[in-house]
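Undergrad: Starting from the structure of chain A, add chain B where the hints point.
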Amino acid sequence: MGTINALTIYKDLPKLNCKKCGMLCMPFAVELMKKTKSLEDCPPLMEPKYASNLEKLRALLKPMEDATDTGIVLNEDVCDGCGVCVIACPVNSRFSPECLSGKAPQVPVPEDIIYVLEDGRCRIKSISQCRRYVPPKTNCRICEIFCPRYAIEIKV
Amino acid sequence: MPLESKNRVTCPGCALACDDIAVDVQFNKIQKVHNACLRGNEKFMFSGSKERFVTPFIRDAKDKAPKEIKMDQAMLLAAKIMQDSQNVLILGGTKLESNAQEKLVELARIVGATMSFAGAEVLNHVKDAMKDAGASFTTIGEIANNADLLLFWGANPIDFAPKLVVKTVFSRGRYRQTGKEVKKFAVLDGNPTPTMERADIKLLMHPGNDTRYLGLLCMELQATGVLDEKDLERIGFTKEELISLGPDIPPNIKELARTIELTEYGVIFVGERLLNPAAIEREPDLLGKMFRFGSILNRDRRMSVLPLSYHLNFAGLVHALTTSNHEVNVKDFKSIADSLEDFDAVICAGFDLVGKLDDKQLAQLKESKIVVFDYKENCTTTVADLFLPVVMIGIETGGEVYRIDGSLVSLSKCVEPREGLSTDAKLLQELGDYIQNGGQSSFNSPGTSIN
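Chains as they are written, first to last, in this note's numbering: chain A, 1 to 156; chain B, 1 to 451.
Chain A extracted, bound-state conformation:
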């Protein structure tokens, strides 16, 4: 599945710029991506003539239902606990000196660590310091790029 962005969402919106949702269509697409608005906030989209568009958009946005606020979706079934994400994540390295030397953080794990390995699989502990979350938000995708099992996907 390709990356979801505002433009792919915008393509299937009615593009009427009616402002019934309180804004123009393009900003609405951006808000949809951020999950601050839902498809139901667009009254024209609920009309029968846009039914196919609505269906497409629902399919497009479905993966984001599982996504955390940073858009990170972790598929634990695929993960084999190699720990690449734990040591590659810049935030983990910032809060845990062990990660800087290629080792996993010791317990008790620092509060702001994002990725930890528990029970042989990767888990997201906290996203409060993720670079995708903390202003200025950056499009950091290191965990997704390095994961050898493709267990991490960033949906936005």
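Any given hint could be a false lead.
What the hints assert, rightly or not - 27 Å max Cα-Cα, derived DSS-like pairs, lysine-lysine:
| hint | chain 1 | residue 1 | chain 2 | residue 2 |
| --- | --- | --- | --- | --- |
| 1 | A | K125 | B | K6 |
| 2 | A | K125 | B | K32 |
| 3 | B | K376 | B | K32 |
These aren't lab readings, by the way, just hints derived from the structure by calculation.
TA: The following block gives chain B in isolation, referenced to the frame of chain A:
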């Protein structure tokens, strides 16, 4: 009882011996494992599992059902089996800690047993090739701190030891603070593997063509001035041989040659695909050429060659065998598997023999007595005449093992072993003493016999 967290535990799951594991222990049982991969986690959690084999048994001669016996009786029977046998075969030992391996080699000497283990067939070949080439060794820490080229040749660590790539390719070292960004990750293999998918330079070759690709790489390095004609001869390529490879050099080989030219410290990991008897038979001088290649490149830059074996303490058994004062007969497993009828007793120390045999080879075992030392069920325990449970190394007992890079590391004890269980080292020592002293030992108890 409060939950106790133990940090810096060494994982006994594979030869990588990761030393950053943490375990939560409560009621003398591991409740949670932090920082281990799936394989390591499974091993730690298995220590408290109900499926664990903790009672010795013998197999009833009539109905072939296992019958529980006491540990003393089991030890006595094991000793008697070895005493009464003309030819004893001892299998395995690569997953034991170093002290137990020494006892195993000593026991083999006392009973005049033949030893074999997975990888025995390539051991001498690799040792000779490394000795002849004067190849440079390295450690995982050194790789993390300094290496900027990681070349995996016929290796797929993401499947076999997932944390190896983490510790070498993705880790930030002392002089490689940006981690993967300053490192080149190259994979050459005969099959598309998960390791290859994430590599910067990937080369999918036809299996069995490794010598050809090594020749092409040498030719390209000669063209860039890294190697000269004499070097190629020293590596083992004749002029005619190189001409026969043809002038077309794949772009990936050119890129790899450029990377080698610019590298400060490169490591060639020789993987499982090259370290098996079939590969050595197909290309007998390949390993020699690779080690000489690494050794010659080491002249102008640092270049190390590291053969990969994922068994917990493979290097330890090699060490125990080579430092033993007495000659022990070690045979390759392939020839052993075809001549099992020669042995009237087979001792498996953490080795699943039956799982490695076909029906024809299995039929040869009918007359042999099989004794198994292990902590879990496997194919061999289902036919074993005698089973002796042992404690789990690195979880219920400490010890020392040689890591994948040859460094000696200590294993930790996380929980107390279950009552009545002994370490492999203790059992093997007692068996050796008993046989050597002609039947005088503490575990003398009247009892049971195997028909």
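Undergrad: All hints, please: hold or fail.
TA: Right, here's what the structure says about each hint:
no. : hint             : verdict
1   : A/K125 <-> B/K6  : holds, 20 Å
2   : A/K125 <-> B/K32 : holds, 16 Å
3   : B/K376 <-> B/K32 : holds, 20 Å
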